[in-house]
Amino acid sequence: MKWLKNFWRTFNRPSVHFSLGFLALGGFIAGIIFWGGFNTALEMTNTEEFCVGCHEMRDNVFEELQPTIHYSNRSGVRATCPDCHVPHEWSNKIARKMAASKEVWGKIFGTIATRDKFLEKRRHLAENEWARLKANDSLECRNCHNFDSMDFTLQGKRAAAMHSTALASGEKTCIDCHKGIAHHLPDMKGVKGW
Amino acid sequence: MKQKTFIGFTLTMAIAFFSTVMTQVNADPINPILKAEIDEEVTAPEIAKPIKNDIKQARNYPMQPPLVPHNIRGYEINLNVNKCMACHNRTRTEESQAPMISVTHYMDRDGNFLAEISPRRYFCNQCHVPQTDAKPVVKNEFVDMEKMVIKAEKEEE
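Chains as they are written, first to last, in the working numbering: chain A, 1 to 194; chain B, 1001 to 1157.
Be a bit skeptical, because a hint or two may be false.
Claimed, not checked - Derived pair list, reagent style DSS-like, types lysine-lysine, alpha-carbon separation capped at 25 Å:
| id | chain 1 | residue 1 | chain 2 | residue 2 |
| --- | --- | --- | --- | --- |
| 1 | B | 1056 | B | 1135 |
| 2 | A | 157 | B | 1049 |
| 3 | A | 121 | B | 1083 |
| 4 | A | 117 | A | 107 |
| 5 | A | 157 | B | 1151 |
To be clear, the hints were calculated from the coordinates, so they are not data collected in a lab. Remember, predicted model here, so these are calculated numbers, not experimental data.
The shape of chain B in the complex, shown without the other chains (with noise of 0.2 Å):
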């Protein structure tokens, strides 16, 4: 009898168990971005629209690639031309009324100057990209350096 009860008590305590672990996985989705398990369909969000105001982006840190403020749409990279340096390339930003490239585009990774584009700094998009108006999905907790220095300051008095 004592034996009876004690498997008893272990099964109810296994339901128990397994029940909250069960809840805890519908509570959490197997797909967090999409908050949907995989058996479910959901319909896609709607696609983000680019940003193309023409307005500089504040730079999060002195180094960081400045973000393109306007439309690059079927701007072409290759071999044969690269359509970002139609405008911003040191001769053409007079009639461009683009900025210019900065001097880092032109130093070879030992820090010599050339006389054109260094082709380290070609690929534009590799550092350069434009915004679209999507929602992050994730929450970004960036602090700005500047921020930190304030508060830093602060503690100190």
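One chain only, chain A, in its complex shape (with noise of 0.2 Å):
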């Protein structure tokens, strides 16, 4: 406990040694490198990449997705796991990757390492992502596909049925019709519409 009380008051103490000028500009730049760090690193863990680097990720999800429209396309535009899973606006990405270090430490238990436990508690990792992208009105969708700039003329019959009632009144946001859209589904038993 002596130890701690001399940091104290070491650290307690008024410099004798910097000018406050000094400290408060270095605190200023020290801040700017921490905050610019930070953001870096959350930068870098914002890519394809860095999710499709365990395999987890890599042997089922990513799998999954590259057959589909998201992963090839006639227009090349492609849409990565963080177009899909991670808010753009500051404060929602926080909080996604504060979720997400959950699941990290999912990664050192192997909660999912095999296939089958993967399987195992799909329904439930299908469920939060349902649930969020429920509660943000499909945010994350929406991010690309603008429904003002949708021409129901152009699309199909039953995808201007629906897109042009339940959509168009808020009634149903994206997630509620399409489920599944870049990944296998896990057992829907009793999920709405199903």
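Assembly of the complex is requested from the two constituent chains, each provided in isolation within its own frame, with the hints serving as guidance.
In structure tokens:
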């Protein structure tokens, strides 16, 4: 306990060697560096390479994404993992990253280390994503798919019928109707609409 | 001398015979669909586009499973889910405005009606297929039953 008291005394004493201006400026610069580093680290984890760096994602969801329209299509626009799974707005992004720390925990302890374990957990994982997208009105989908820019006359009959009614009125959002757009679905027993 | 003429004659005949055979082989290539010989390199035909115009096609006979008139890209049918049933199930048709699977889909092979889709009708694509705009490589000589009936009636008159 003694060393702690000593440390606190030193820490608490006003500086003798450095001017207040130096300290303030130094703190400011260090702040920028840490802040920048933090955001850079954040951006680095915000890429598809990072997401599929662990085999749990590469062998399951990434594999399943590849034959879908969001991986390859006529226009060449791609949706990557963070496009659909990480909010753009900073505070939401931090919240999602905090939740993701729990997923890293899962990685370390091998919660979904095998295909079987992953499939067992899949319904639970999917439900989390559905709940998130339902709560934010499918914000990540809408970052790319703008409702106001949809031309119903160019859509298929089934698509136009649904988009001009249930979607336009706000009664439903993208994820209500488009589950399983990027990956295989879990057992859907009891899910509304299936 | 006579023997020599005979050999000469047979040889000429043989050559004539084989050359006709050879030309016939050329006229009828080994691959009648691509119309090419095995040692020939051909450019692959263009990939046909799916027809997804949402227009129901006429059925060629009453028991024909109707063709799928819409896109089915990425629709999962497996142990966990049946995407088709999310629209075509009895309880889903009000929302989806899709035609309900007919009553035969709820029957087992003994004719009993089940509460849910019969397992033998679970894999829709076994019977219902979408079409592409590909040109048929073999001519279709199918004649509709109705035309045959009309023809038979005319002949009776």
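Hints, verified against the model:
1. The suggested pairing of residue 1056 of chain B with residue 1135 of chain B holds, with an alpha-carbon distance near 20 Å, which does not exceed 25 Å.
2. Note on residue 157 of chain A and residue 1049 of chain B: the hinted pairing holds, with a Cα-Cα distance of about 18 Å set against a maximum of 25 Å.
3. Pair hint residue 121 of chain A plus residue 1083 of chain B holds up; C-alpha atoms about 21 Å apart against a cutoff of 25 Å.
4. As the CA atoms of residue 117 of chain A and residue 107 of chain A are separated by approximately 12 Å, the hinted pair is consistent with the 25 Å bound.
5. Simply put, residue 157 of chain A and residue 1151 of chain B have alpha-carbon atoms about 39 Å apart, too far for the 25 Å limit, and the pair is violated.
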